[in-house]
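Visitor: Okay, here's what each chain looks like letter by letter:
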Amino acid sequence: MRPLDLAVPAQLMTALGPDLLLVAGAMLLLVWAAWRPPSTAHQRHVGFASLALALATGLYVISSLYAQRTATEGPIAVDNFRWMADVVILLGTVFAIALTIDDNARQDIGTAESHVLILFASAGMMLLAAAQDLMIVFLGVELMSLSVYALAGINRRSARGAEGALKYFLLGAFATAFLLYGMALVYGATGSTNLGDIASRIGELRLAGSPLLVIGVALMLIGFGFKVAAVPFHMWAPDVYDGAPSPITAYMAATVKAAAFAALLRVWMEAFPAAFDAWRPAVAGLAVATMIVGNAVGLAQRNIKRMLAYSSIAHAGFLLVALAAGSGQAGSALLFYLLAYTLATFGAFAVIIVLSRQDDRPVMIDDLAGLWGVRPWLALGMGILMLSLLGFPVFGGAGFFAKWYVLQAALQAPAPQVALAVILVLTTVVSAGYYLSVVMVMFMKPRPDDAPAPGPTPGLTRAVLLVSVLAILVLGLVPDQLVGLARAGALRATPVTVAPITARAPRP
Amino acid sequence: MPDVPSLFYTFHFYLFGLVAMASAVVFVTRRSPVSAAMWLVVVMFSLAALYVMLDAQFIGVIQVLVYAGAIMVVFLFVIMLLNLGHPAELADARGLWWKLAAGAVGLGLVAELFTLVRGATAAPYTLPAGYAAQQVAAEGAIAPVAGPLFHEYLLAFEVTSVVLLAAIVGAVVLGKRRADAR
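Order-wise, the sequence lines are chains A and B. All letters in the first sequence, in the order written, are residues 1 to 508 by the numbering used here. All letters in the second sequence, in the order written, are residues 1001 to 1182 by the numbering used here.
So here's chain A without its partners, still in its complex pose:
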């Protein structure tokens, strides 16, 4: 098949097919959502329709993946990396909508627009995964972020939710300013917003050391650092994750991160390969700081959502290791990691939803004490999810291979990142302290006599939990098939030779 010519609107539409389906469907659902007054039944109906739309978009994406179309250079990319990232994003979207339907019913939130906002955010994320132009990257980030700001505060009865949403909004706006300023400087230095053009101009005009470009890249890294909650730009994450409704927290922790990392990787690999030396120490420093701080502070958490927030920060550090490796292999390692992380995170938050009460009280790790005695299947599922987040072999399923592939990418990169790999392994050992403490509490501590039995598991939450646990175990048994696909999703990175970096102290 001939490559799509993105300058022709009709062919641009073909290239954007799944995105257009999602946005058009979301707009129709928006009309329906606003048509009737808010009620639990109405949000449920809109929720199921949104679920169907996300699934249909997913099928469209998978068919596009197998169609293997290519396209000319343009504002968006048509490649396997995009489609694989879309699969991860839409998986998170389906999980988030399913959990939101149940969680809205539990908290008596009748806002049917919450599902539409999730769909809009996902449309922004899919654009991010596709974007090959800094303008589209920016618009994708904004579409994603604006929708998620509103989602974080969707429970208007919760003071913590309002606090978290406001914090997220203000710091997110701050991060956007950094990102946009960085993009403006990069445009100023290279005269283009297209990633391919930027790369070739940096090469032709020998701009790699130009202060304008270096400052621009640094500002963009700070902006993305905020979005993925990398240390030292992570301060907002625990409060926001704690205050938002659990399904939205899972969505922010896993899917927003997946989309931001997909865009980050593409921008860095396609636009700045020639400026590799300038940005690699910064990324490596961010990775080290994020792994150490995320895991160390995670140990001290008793509130399980805050614990998972720090776990999410730590995972951003592991993902930054893949980015610092900066090889084509890093792309597939990153995608596999994001898939495993999405599955484990949504599963864990499904358990938290089951354990949450009607009131606004946070779920503590001690609330899980003796869960094995009252809800053995729930405890078993949570145990597997924790082991997967830890990256434990066999029982942790896909989580182990996710870490394995990132390590492999770090060690087999053109410039082996030995120091980063060592820190990754060491901090993983530290993280066992909090993941295994959850497992220990569930299986070994006696249940306090006054602890109320957890309520029944709602149907969709049960389905999400079942799918995520089974998928983790199956992927742990046959990771090769999926890695084959993820490998096909590797980005075409311009090969560059770089000097190995030595261990660096975390940036203050």
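You may find that some hints are simply not true.
To list a few chain B residues with every Cβ distance to chain A over 12 Å, as calculated [stated by the list, open to error]:
(1) Met1080
(2) Gln1135
(3) Val1162
What follows is a list of derived Cβ distance ranges for each label pair [stated by the list, open to error]:
(4) B:Met1038 to A:Val31: 36 to 46 Å
(5) B:Met1080 to A:Leu436: 51 to 61 Å
(6) A:Arg361 to B:Lys1176: 20 to 30 Å
(7) A:Phe174 to B:Met1080: 42 to 52 Å
(8) A:Leu166 to B:Met1080: 50 to 60 Å
What the hints contain is simulated information worked out from the structure, not anything from laboratory work. The model shown is predicted, which means the values in this text are computed figures rather than measured ones. Each residue gets a CB set at the ideal place from its N, CA and C atoms; glycine is no exception.
Using the hints, position chain B against chain A.
Guide: Relative to chain A, chain B alone:
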């Protein structure tokens, strides 16, 4: 802009420039936010006139529609919603040092402007004389803006509308009166 500016042209150019500058000074010295906003409208209109005289008719019209129209209305909305319209209730939050610092920054900008005007601009950053007028004569004032917007940047343009829609939906969902807050 004619190649050799006529007296009529020069007179009006300086007239609008002086009106813009004087209104800007009055704008920042008003105590009442509403009258300050009104003076800002005068600044915007004078700037629009200057744009038109510089053969940027489209930007001039947009200046009036977007800045003097839409954005000023939003300013006034916010002022009135927050009930800031009574100057007597407003304490002057700006201390002496604050004013001095602002004055220093202003002087710095004036100095920068003078240096830029007096120094020769490097060739890549200047357009040949009469370039804008030729463009307008050849393609009209709107086509050079509309072309890239609807060809090269079509996707970005369309995505922007979705971003705005999502922002509106989010704001309405969060701002709507709660069903249970009777």
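Visitor: A separate judgement is required for each hint: does it hold in the structure or not?
Guide: Checked hints:
Distance to chain A confirms methionine 1080 of chain B as a non-interface residue, since its nearest Cβ pair spans about 24 Å, more than 12 Å. For glutamine 1135 of chain B, the requirement that its beta carbon stay farther than 12 Å from each beta carbon of chain A is met, with the minimum near 20 Å. Remark: the non-interface label on valine 1162 of chain B conflicts with the geometry, its nearest Cβ contact in chain A lying 6 Å away (cut-off 12 Å). The hinted window of 36 to 46 Å between methionine 1038 of chain B and valine 31 of chain A holds, with their beta carbons roughly 39 Å apart.
Checked against the given bound of 51 to 61 Å, the beta carbons of methionine 1080 of chain B and leucine 436 of chain A, roughly 58 Å apart, stay inside it. The given range of 20 to 30 Å is respected by arginine 361 of chain A and lysine 1176 of chain B, whose C-beta atoms sit roughly 26 Å from each other. One distance hint, 42 to 52 Å for the beta-carbon pair phenylalanine 174 of chain A and methionine 1080 of chain B, is violated here, with the actual separation near 28 Å. Checked against the hint of 50 to 60 Å, the C-beta distance between leucine 166 of chain A and methionine 1080 of chain B comes to roughly 24 Å, which is inconsistent with it.
Taken one by one, the earlier hints fail for this structure at numbers 3, 7 and 8, listed in ascending order.
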